[in-house]
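For the protein sequence lines, the chains are B and S, in the order given.
For the first sequence, my numbering begins at 98 and goes up steadily by one.
For the second sequence, my numbering begins at -7 and goes up steadily by one.
Quick caveat, the hints were computed from the structure, so don't treat them as lab data.
Misleading hints may appear alongside valid ones.
[What the hints assert, rightly or not] Below, computed lysine-lysine pairings styled on PhoX-like, alpha-carbon distance capped at 25 Å:
1. S:K493 x S:K476
2. B:K156 x S:K476
3. S:K476 x B:K107
4. B:K164 x S:K173
5. S:K173 x S:K272
[Stated by the list, open to error] So, partial list: chain B residues that the calculated Cβ filter (under 7 Å) puts toward chain S:
6. D115
7. G123
8. L125
9. V163
[Claimed, not checked] What the simulated footprint calls covered on chain B by chain S, stretch by stretch (three residues with Cβ under 8 Å from a Cβ of chain S suffice, anywhere in the stretch; the number is not a length):
10. 137 to 148
11. 151 to 162
Positions of the beta carbon are idealized from the N, C-alpha and C atoms, including for glycine.
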Amino acid sequence: MCAGSSGTVKSIQLDTDDSFRLREMGFLPGVALRLVRRAPLGDPIEVEVGGAHLALRHKDAALIQVKVAPDA
Amino acid sequence: MPDTPVAVHPPVIAFVGNPNTGKTTLFNALTGLSQKVANYAGVTVEKKEGICHDQHGKSLRILDLPGAYSLSARTPDEAILRDVLLGRRTDTIRPDRVICVIDASNLERNLYLALQVLGLGTPAIVVLNMMDIAEVRGLKISATCLQEQLGVPVIPMQANSRKGMERLRVALSQVDLPLAKSVDYPPPLQDALAKAHELLNEAALVPQSPTFTATASLLCSHELDGSPGNAAVVAAREGLERDCPGWEEKLVSSQYNRIGELVRNAVEQHVIGAPNATEKIDAVLLHPFFGWLILSGLMTALFATIFSVADIPMGWIDEGFGWAADWIKARMAEGDLRDLLTDGVVAGVGSVVIFLPQILLLFFFIGLLEDTGYMARVAFIMDRLMGLVGLNGRAFIPLLSSYACAIPGIMATRTIANPRERLITILVAPLASCSARLPVYVMMIGVLLPDDSGSVWTKVGFMLGLYALGTVGMFLFAWLFHRKLRSDSDSTMILELPPYKAPALRAVLLRLWERARVFVTQAGTVILMISILLWAATSYPKPDAGDDTDRLTQSIAGQLGKQIEPIIEPLGYDWKMGIGLIASFAAREVFVSTMSILYRADDPDGEEGTRPLRTILREQSRADGSPLFNGRTCLSMLVFYVFAMQCMGTLAITRRETNSWKWPLFQFAYLTLTAYLAALTVYQGAGILGY
C-alpha cells in the first residue's frame, strides 16, 4: 500500500495477543482504512480508521490483511 | 449521650475514558487545586483524586482513573481501571458512579470502552466531549437518541471551553441515576459466557451480576498469569474455547455490531472533502525533511531553555539558601544544633528546591507538547530510532531532558505506557551527561590540558567525547536491558495521533503544580534525609581544633575515603579523591568544592582562592614524586563521572517512580560498577600503553 491509498480490512491474523487489541481498536473485517503516511524513517505508519489516526509498527500492521481500493 | 453522627463517605465518582478524550481536563475543571496524586499500592500507576461540590454544596470524591482503550487489560493502567471498577482493589473504594468521557469525533472506538463500563452495572453518565471537533468532521450526533438507546444520561460537552459544565454538575447531583440497558451477547457466546461467569464467580473473581462484562474482560486480560485465581481463569477460557470457538473474536465483533447500530441511529455523517486542519499541519510537521527540521529546532529550544534559563532561578535559590544559612548563623550560638540547621537542614532543603526550576520548565514544555498533540508526533518520528534499542518513541523526550537533569527526565517517563520500556528508560536516563557533571568535566579537563597546551578545540573535543561516551553507554545498556528483561507483555505499539488543539494553559499550570508537589513531598523527603546524613558524615566526629580540612579528613566520610583507598588506588586516585567521591554523592558538582577544601590547605601560597584550583591540583604529587593528577588519573576520573550515579536526587526520584527501593539500588549498583570498571580500564590501559 502506498501512502494516501485507502482500502478495507480483509482479515486479521488470529490467535495472537496483539491482534486482539488491534480488533478492539476497530480493525475489524470490512472496516475502511487509509494509510495516511509513513514516518520520516519509514516505520511506523499512520493509519486512519474510524475517525482515529493510529501509528502502527510494521510488525503489527503485518497482522492486518487489506484489500486496496482500486482508485486512491 | 448525644449520638455521634455516622460518618457517611461522600459518593465516589470515577472518570473513565480513552486517552486524549479530555477526561483530565474535565477532572481539572471540577476539582481544581484539591487534587491529590499518589501511586496505587504495588504499581507505578498514578492515582488522582480530588473533591468537588455538586449543585447543593454536597461534596463528592472524584477519581480520575487512568486512560484506557478496553477493560481487557494490556497495560498496568488498564488493569487498575478494571480492578477499581470491579471493586477488586483494597486501596481504592469501588466507585458509586461512573462518568464515561467519550471523544465525539471518534465515536465508535470510544463507545467500545463505554459499553464495557456500562455493562458493569454501575450507575453512569456518558459525556460526549469534543462536540465541536466532531462537527468540523461532518458528524451530527444526536445525544438524545444515544441516551434513549443506552438508557443513561448523555451530555454533549466541550470541556475546553467549559460548554456543558452546568449540565454535568446537575447530573452529578442527581440522586438516582438510571442503569444502562443491558444487552445480551449473541446466543452461543452468551451461554458460554454464562458458564464461565459461574466459574469465576465461584472463585470469587467477579461479583454476581446479570451481565457478563466483568467476566469477559477478565478472561480477555492477559496479565493474570501467576496471580491468584489463575486456575479458574484458565479453566473458564478452556470451557469457552470448547463451547464457542473463536470467542474472543466474536466478543469484539458483537460489541462493534452493537456500536454500529447505535451510530447508525444517532449520527448523521456529512462527507467533508477537504482535509482538516490537523492533516494540513501534519503534512508539514511529519514531512520527511521539514519534520526533522522542526523537531530538532523545537528540541534545541527546549534543551537550551532548561539548560540556560533554569540557571538564573537556580542561582537565586542557591544565594537565597546561603543567605538563610548566614542569617541563622548570625543569630544562633555556635554549636551542633546551629550546624545541623544551617549545613544540614537549610542546605538539604536547598538541594531539593534547586531542582524545581528545571522540573517546572521541562514540565511546562511537556505540558504544551502533550496538550497540543505534538508529543505523539515526536514519538511517531523517533520511534524507529528508539526501537533499535528496544525503547519506543515516547522515551525520546525523557532521555533528551536527562541531558539537562535526569530528575525531570525520569519524572517524564510517565507517558510511556509499557512498564518494561518505561523501566528501561528510567534505568538508563542517568547516563545522559547532565548539567551537574559540567563543573567536574570543566575542572578535570582544565587539569588535564593546561592553558598553554592544546587549543580550545581540543577541550571542546574532550567535552563532546564525554557526552558521546555517556550516550553510547545509554543505548548500550538500554539494548542490554531490553534483551534481559524480555517479557511476554511485549505488546503491540499502537500510538494515537490526536487532532491538534490549542493548549489549555490552566491544565498545563495545574500539571506543573502537581509535578512540583509530587517531587517536593515524595522525592524531596528522601533527598533531605540523605543530605542530612551526608552532612553528618562529613562533619562528625569533630576534631578538637583545626580548619575545614582537618574537619573533613577526620570525619566519617574522611575516614571512609581513606578506607576505600585500596579500592580506588587501581583507578589512580588517592584518599582525598575518595572523600570527594563520597561527598559528591549529594550532587556531582560538590566534588569540585570538596577538592578545593582538601587541596587548597597545603597550598604553599597559603591564602585561599588566589590561584585557580586546577593549577593547585596539577602541582600535587604522589609519594614517588610523580604528579598526582597525571593524564591517566584525569581521564579515569572523567570516565568515572560519565557513568557513576553520583546523585541522591536521581536515587530518590527513581524510588518514587518505580515505587520500590529495588530499582534505585540496582541502578546505583550497575552504574557505579560500570563507572569503576570503565575507569579501571582507562587507567590501567593507559598505563600498559605507556602513558
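Evaluation of the provided hints:
1. With a CA separation close to 40 Å, the supplied pair K493 (chain S) and K476 (chain S) exceeds the 25 Å bound.
2. Restraint check for K156 (chain B) and K476 (chain S): the C-alpha separation of about 21 Å stays at or below 25 Å, so the hint holds.
3. With a C-alpha separation of about 37 Å, the suggested pairing of K476 (chain S) with K107 (chain B) is violated against the 25 Å cut-off.
4. As the CA atoms of K164 (chain B) and K173 (chain S) are separated by approximately 37 Å, the hinted pair breaks the 25 Å bound.
5. Distance restraint check for K173 (chain S) and K272 (chain S): the Cα-Cα separation of roughly 41 Å exceeds the 25 Å cut-off, and the hinted pair is therefore not satisfied.
6. The restraint placing D115 (chain B) at the interface with chain S holds, with a minimum CB-CB distance near 4 Å, inside the 7 Å limit.
7. Because the closest C-beta pair between G123 (chain B) and chain S is about 5 Å apart, less than 7 Å, the hint holds.
8. Nearest Cβ of chain S to the Cβ of L125 (chain B): about 6 Å, under the 7 Å cut. The hint holds.
9. Using the Cβ-Cβ criterion of 7 Å, the hint placing V163 (chain B) at the interface with chain S is not satisfied: the shortest such distance is roughly 16 Å.
10. For the stretch 137 to 148 of chain B, the stated coverage by chain S holds: 8 residues have a C-beta nearer than 8 Å to a C-beta of that chain, and at least 3 were required.
11. Closer than 8 Å: that is the beta-carbon criterion, and the stretch 151 to 162 of chain B has 5 residues meeting it against chain S, so the requirement of 3 holds.
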